[in-house]
Structure formats: structure tokens, C-alpha cells
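For chain A, the structure is supplied; the task is to place chain B on it using the hints.
Sequences listed follow chains A and B, in order. Count the first sequence with our numbering and you get residues 2 to 322, in order. Count the second sequence with our numbering and you get residues -14 to 380, in order.
I should point out that these hints are in silico values taken from the structure, not numbers from a laboratory. Just so you know, not all the hints are guaranteed correct.
Said to hold, decoys possible - What follows is a list of derived Cβ distance ranges for each label pair:
#1 A:R165 with B:A373: 52 to 60 Å
#2 A:D215 with B:H371: 46 to 54 Å
#3 B:R369 with A:I8: 29 to 37 Å
#4 B:S208 with A:M306: 42 to 50 Å
#5 B:A340 with A:A145: 42 to 50 Å
#6 B:A340 with A:I76: 20 to 28 Å
#7 A:F240 with B:N45: 50 to 58 Å
#8 A:F138 with B:P31: 38 to 46 Å
#9 B:A251 with A:L312: 32 to 40 Å
The beta-carbon is built from N, C-alpha and C at its ideal position, and this holds for glycine as well.
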Amino acid sequence: MDFNSLIDGLGTHTLDGLTRGSIYALVALGYTMVYGVLRLINFAHSEVFMVGTWTVLGVYTVLGADSDSGMGMVILASLLALIAAAAAAAGVALAVERIAYKPLRKKNAPPLIFLITAIGCSLVLVEIFGHVLRVFFGPPFGRAPVGIPSPIQTTTLLTIGDVRITNVQVFVIVGAIVMMVALDMFVNKSRLGRGVRAVAQDPDTAALMGVNQDRVIMLVFLLGGAMAGVAALLHTIQFDITKFDIGFFIGIKAFTAAVLGGIGNLRGALVGGLLLGIVEVYASTLFNSSWADVTAFIVLVLVLMFRPTGLLGESLGKARA
Amino acid sequence: MSDMKEPATDVVAEPADEGRKAGFMGLPSLGIADRFANLPTWAKLPIVLLLVAFAFYLPNLNILPFAYVRTDLTSGGSDWGGVLFVVVIYMIVAIGLNVVIGLAGLLDLGYIGFYALGAYSVAIFGSPSSPITQKIAERFDLGEGWAVPFVACIPIALGIALAAGVTLGAPTLRLRGDYLAIVTMGFGEIIRILSRNLDGVTLGPKGITSVPRPPEPSEGFFSSIESAHWYWLALCVLILLIFLTRRLENSRVGRGWLAIREDEDAAAVMGVNAFKFKLWAFAIGATLGAIAGLLFASKQSYVEPTGFALNLSFLFVAMVVIGGSGNMVGVMLGAFLITYLPERFREFQDWRPFAFGVAMVAVMVLRPQGLVPSRRRAREFEDRKHEAEEAAADV
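Isolated chain A (complex conformation) (with noise of 0.2 Å):
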């Protein structure tokens, strides 16, 4: 227990935990629609994610894009790898219901079914970037983790008392942000998110008020991936690394997240995110690092016995009707 270091650093360890927090908002997002519209756990939504890093490499590659790059070229790698990587996940995303969950609909399985799917997916995009297109295309693919060469350079913008303020947290925290928001307005103000939050509340009058309900699924995923997909451009951009089981962690925490800020809920998500964020920073701060993801856990078991809907409630239709 190590009370002096959590005090004194407080301002830094919050500001760390609001940084990791929207990172862990925004793939809590995926969770939340798909959970709101389907009652789904999409378990492969953190393999979306892993992919997302990925793309965000290949973007960096393939445009020499890195840390010497001039101010034109980071706006330019930066900006294609935000849609390469949203638009990558998305699609993966929209494999997966695709592929995986449409069928099982079709046949009204169970949910544990559908789980069970989900991890079997989540096992093979996994080892798609684990193993598969290291047959094909040699390194970087495989096992080991493999570094981004962020084009993105860490420089402090402001000091508040001891607490300095990096370019990279600004950018994460408020890209989460802005993107959160977007995402709020259009499913509270579009006529399509009209439709979704239909879905959400009763499936079956949707369907009888014309709201195609299919339709309505594949957007759910394919927000949901881009949103990991954003995700996934702001983890690398604070982390310069990737690896092929990444999304494992990130996915327990963002569900986390989710669960805490009420499954279903849009604005549930980013409380629960940026919460859960700065709760294990702060733990490990206090016992040790090895501790960190523990903490998400026990969090995760504390909310569901006592709370199980989470801080803010949770359907998606109902919450913001």
C-alpha cells in the first residue's frame, strides 16, 4: 500500500487513468450497441479492436510514415489510418454477424451459443494475425509483439502545478470524445438511430413500424467496429505497439466498462470507461502494477452483485427515450 506515491501524483495518475479510460470508453461502445439491440455479449468485438491496431500499422508502412515524418505527412498518416482502421474494423465486425451470429439467429439458439461462437471467432481472427499471415507474409505477423512507429511525437503542452499534459492525452482523451458525441447525436437525432434505439426497446413493434430490424443490426456492428477502430488509432498512438492478443485485455475492460456504466447505454459507456480507467491506475499506483488487471475484475464482480445494472441503467432504448 503505497498511499505517499497516490497523493502525491494524484493530478498525473488521474489524468493516465482518463487517458487509458477513453480508450476503454470507445471499445466499450461496440459492447453496449450490439448488447442493447441483440442482448449479445459480441465476445470477438476485442479481437475488432487488435485488428484496428493492425491496420493502423499497415497504413504507417505503407506510407513511411514514423516518428521523423514532417507536419504534413503525421496529418496525412494520421487521417488515413482514422478511416483505414474504422473502416477495417467495421468490416471485420460485419464478418463476424455475417459469418457467425446471422445463423445462429436464424435457428433462435441459445445465448450460451452464441457466446461459445463468439469466442471461437475471437480465436480465429487471433490467430489469423498470430500465425496464418505469418505462413504468408513473414514478420511482423506472428507471436511476438511488434512496435508502431507513432509519426505523432510526445511533447508536453501544458503544466498545471506538477502535472504535465502531453499532446498524445490531449488527442486521446479528446478524439474519444468528440467521437462519443458523434456517436450520441446520431443515434439520438438520426432517423437510422431512431430505428436502432426502436430495436433496442422492442424489436418486434420496430419490425410492425417498418424498421428493418436486419438492417439495423449491421449498423449496430459496424458502428460499434468503427468505433474500436478509432480506438485502436488512439491506443497506438499513446502505446507504439501492437500485438496479436491485444484486444484479450482491452476487450475485459472495456466490457468492464460497459457493465459498470450500465450495458445498452451510450453516455453509461464513457462514465464506466473513464472510471474504470482511473480506478487501475490508482490501484496500481497503490499495490503494483501486476495488480492492475486484477483490479478490473474485482471491479467487474463488485458492480454485478451489487449493481447489476450498472451506474446509469441500462437499455439503450429506454435510457435516453
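Just chain B now, kept in the frame of chain A:
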């Protein structure tokens, strides 16, 4: 004799509709299970005995065409007895997990936690090199190298697993199914991280060596290299557990589980205390997992945290579900396939997890009830499908 006749009429009635429904990939079912179930006891017994005898003979199998199943034919192959041992250990795991998933319908993704608890309890209390035994020995002046004997470790391990099962189950079994899955997964991961971080108890990543062996008829009978002996021991345990679980399945508790799995609300209305029975399933599953872990640790004579990664937990679930959850023969087949095939085809070992993922998705999408489903379970799936079709037709 009169009770023998009744099922016989069943046989005539069944194949007509059963043949098409339960057949594998559209092929008509052979109905082996039905035919076997309807044999009189005097015919069943020799068949079972023959199967058991064959299982015991397996490590020495060397008659040619059949010997191709051995895994040690090439120089890089794995020790055949060792593979058989692991197959049997995983069959025990599959039977235990089947109680939780197949019978009670609870998805437990953290089963590895109980397996690890079994392994670690026997190591922590039975090994002279573990910090806990050393402290106990020091405190009570028991002398250097003292440790709890293997036989006494068994009740300790089972007790710990049972306690963990109840402690985990009591607050979480009230949760919805998919939440339960995540919480149990968290539990499995917490156990692994604890075993890695609690240096003072588990020696952390170094692991604990000299885990005790069962009492030996002669010196070195159960040393790690005598895998055939270990296989026979595990097989005996497996047979005992199959017998016990069978009894359980057909008991009041077993019927309670089925009722809960099929419709919890209806079961509750009929007076089945769902929570109590679920907790039973969880606790029994935990104990069986611990038995498997205990045997495994004892054969390895060494435990360390990386052996209990969450992937293994998914593997366990896959055994049950691919084999056919709810059906003991099915889950044992699942355990066999998932353990044996990768060992037999070691040259493709890098492809194993990939092939495994593809198989998982393919089996679930094409045949969600598993390769060898229990008949009741297959019917449930069929029902759900019809419901979906009717609902679709209504709209």
C-alpha cells in the same frame, strides 16, 4: 423383466422421427445409443467391461493397423502414455464441466480456476518446498522436509474447491446467464493472477516443485516418467466419477437441473429451488475440476501459473459444447478429440488454435447441439428452431 419391455416399444417408435432429426449432418442416425440403452443388463455388462478392458490395454497397443493411433511413432512424437493420461484428465474435466454447463445450463468460463485450485492445493500443502508447509513445520517443530501426505491432501483440495465454488456461486448465480459467464471468467483469471503474484504462498512464477505422489506399491511406481501407471490411476478415477455422475444425473438433483435448464421460471413454479440446485451444480463441478487438477499436478510434480491460462478454460468449454453438452459420452468424445488430435498431428501444432477456432464456429453454426448431443438437448434445439420459424412465418 417387465421393466425391460417398456423401453423396447420406444425403439420401434423412435427411429422414424429420430432418424432424421438427430442424424449427423443430414445422415440418418445409427441409433447406437438407443440400441445400447435398450439392451438387457446381462448384455450391457460384458460390452462395458470389454470397453473398460480395452481402455486399460491402450498404453500397450502395438498390433499393427491399430497402432497408428499411437502418438510416439515418429521421433518427435509425444509420449503415448502421457497423452492418454492427459486425455483422461480432460475427460474428468469435461464430465465436471458438463454438470455445470450441460446439465444445469450455467456457462462457466472460469473452470480453469477450480482446476488450478486443485493443483495448487496439493502443491501448497503436500510439497515440502512450499512456503506454507515450511511455516507449519517450523511452527510445530515437525522437522525439515515435513509435508501433508498425498492422501490427506485430497480432502483439503476438494474442500478448498468446494468452498471456492460455493463462495463464487452464492452471490453470482442469481445473475443472468451471460453475466455469469463473464464473472466466472474473471474468477479464473483472478486465480491465475493470484497464483502469479502471491509469492509468499505459491512462490509466484517460479512455481512449486516436488508435489507429492500417491502412495506407491513399489518405489518409483508413480514417478513422472511412468505415464502408463498414471494413466491407469486416472482411468480408475474417471470410471468411478462416471458412475457417480450418472447416478447424480438420474437423481432428484439431476431432474432439478434439467428442469432449470429448460425453463427456470416453470421449474420454480413447480417447486424446484433453482438457486439451491444451481449452487449444487457449481459446487460439484468445482470439486470434479479440482480432482483433475490435483492428479495433473501430482503427475507433473510441479505447478506454475502459466499452466492455468484462460485459453485452457475456453478449451474446456469447447470440449463440452463441441462434444454435445448434456451427454456424458459426447463430452468425453469432445475431450478426446480436442486433446488427442493435436498430439497425434503434432507437425501442424502451430495451426492448432486456428483450426480449433474454425471448428468451434463451424460446429456451433452447423450443429449447435454438438457432435453427440443428448436426445433431450437435441429436442430443445429443434423446438427453439421451430419457434423461430413460426415466429418468422407470423410476421
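Which hints, by number, does the structure contradict? 2, 3, 5, 6 and 8
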